[in-house]
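There are 2 protein chains.
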Amino acid sequence: MTDSNAKGDRGERELVNWLDADGWTVIRAPASGSATTRDLPDVLAADDGTFIATEVKLSGGDPIYLDSEEVQSLVNFARDFGADARVAVKFDLEPDDFAYGEDHPGFYLLSVDDLHETPGGNYRVKKQTALEVGTPEVEL
Amino acid sequence: MTDSNAKGDRGERELVNWLDADGWTVIRAPASGSATTRDLPDVLAADDGTFIATEVKLSGGDPIYLDSEEVQSLVNFARDFGADARVAVKFDLEPDDFAYGEDHPGFYLLSVDDLHETPGGNYRVKKQTALEVGTPEVEL
Chain C
-16 MTDSNAKGDR GERELVNWLD ADGWTVIRAP ASGSATTRDL PDVLAADDGT
34 FIATEVKLSG GDPIYLDSEE VQSLVNFARD FGADARVAVK FDLEPDDFAY
84 GEDHPGFYLL SVDDLHETPG GNYRVKKQTA LEVGTPEVEL
Chain S
-16 MTDSNAKGDR GERELVNWLD ADGWTVIRAP ASGSATTRDL PDVLAADDGT
34 FIATEVKLSG GDPIYLDSEE VQSLVNFARD FGADARVAVK FDLEPDDFAY
84 GEDHPGFYLL SVDDLHETPG GNYRVKKQTA LEVGTPEVEL
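Chains as they are written, first to last, in this note's numbering: chain C, -16 to 123; chain S, -16 to 123.
Keep in mind that a hint or two might mislead.
As the list claims (entries may be wrong) - A partial selection of chain C residues facing chain S, derived with a Cβ cut-off under 8 angstroms:
1. Trp1
2. Ala4
3. Thr8
4. Val9
5. Arg21
6. Ala29
7. Val58
8. Phe60
9. Gly89
Because the hints were derived from the structure by calculation, they are not lab data. Beta carbons are placed, not taken as given, at the ideal position from N, Cα and C, and that holds for glycine.
Make a model of the complete structure from these sequences and hints.
Dropping the structure here:
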């Protein structure tokens, strides 16, 4: 497992545990890199008829970048499954940045529309943007 | 990967590919045995607001046995997610047993109520039962 994969794995587990504790029914997709061409999110969760499909990104750096392919895969899966698409980003936050309590894992959830498209067709999220327009809870 | 795990893996892939080709949007859970105490199915699929959670079992033998724990985990997940629970069984069928065409992977779908509870609290499905009450397509 590369450092990047290990970080992705840790991020997904943190998101799953948090959603689970928050009352969601959660399923993770198999590890990225498994041989499939189907569109998949990292994490899918349901609560009382509401469904969210989520792509998870942890970063020590700012901004966080997402490939065009992973965003498109998330959007396609969410559309086909009947879920809302969300990107869950987690920066290496300073204590002062984050006022949601020690139990909160530090994710910010953004809709795909909140991502900034780069000239190369990929996407990025600045920490400042996540703090301004992201939500620390699932809001639909 | 043990023989049993390899067979489970193959079964899940066959079911996923079949549901996918049939127009379902499908997500597999991570490999059984990964460290989680959460209830999970093998495969979750959605089509136009309909959701099925499935446990997959392949067997050369007859009957097919399911542990109490895996059935309960399926039932719990399905209830919490808002999905219908189905068991997908596939026997080593004789050509004459199976009249659904070469493209069909040979699964029979049963509801949990069609399983026979053993004195030990586990479950079994006889091939004859699968042929009689199972369906080769998803029926809800």
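Verification of the supplied hints:
1. Trp1: At about 13 angstroms, which exceeds the 8 angstroms cut-off, the nearest Cβ of chain S leaves the hint on Trp1(C) violated.
2. Ala4: Ala4(C) check fails; min Cβ-Cβ to chain S is 11 angstroms, beyond 8 angstroms.
3. Thr8: holds (4 angstroms)
4. Val9: holds (7 angstroms)
5. Arg21: Holds, because the Cβ-Cβ distance from Arg21(C) to chain S comes to roughly 6 angstroms (cut-off 8 angstroms).
6. Ala29: holds (5 angstroms)
7. Val58: violated (13 angstroms)
8. Phe60: Nearest chain S Cβ about 7 angstroms off; hint holds.
9. Gly89: violated (21 angstroms)
Figure legend: structure checked against the earlier numbered hints; hints not met, in rising order: 1, 2, 7 and 9.
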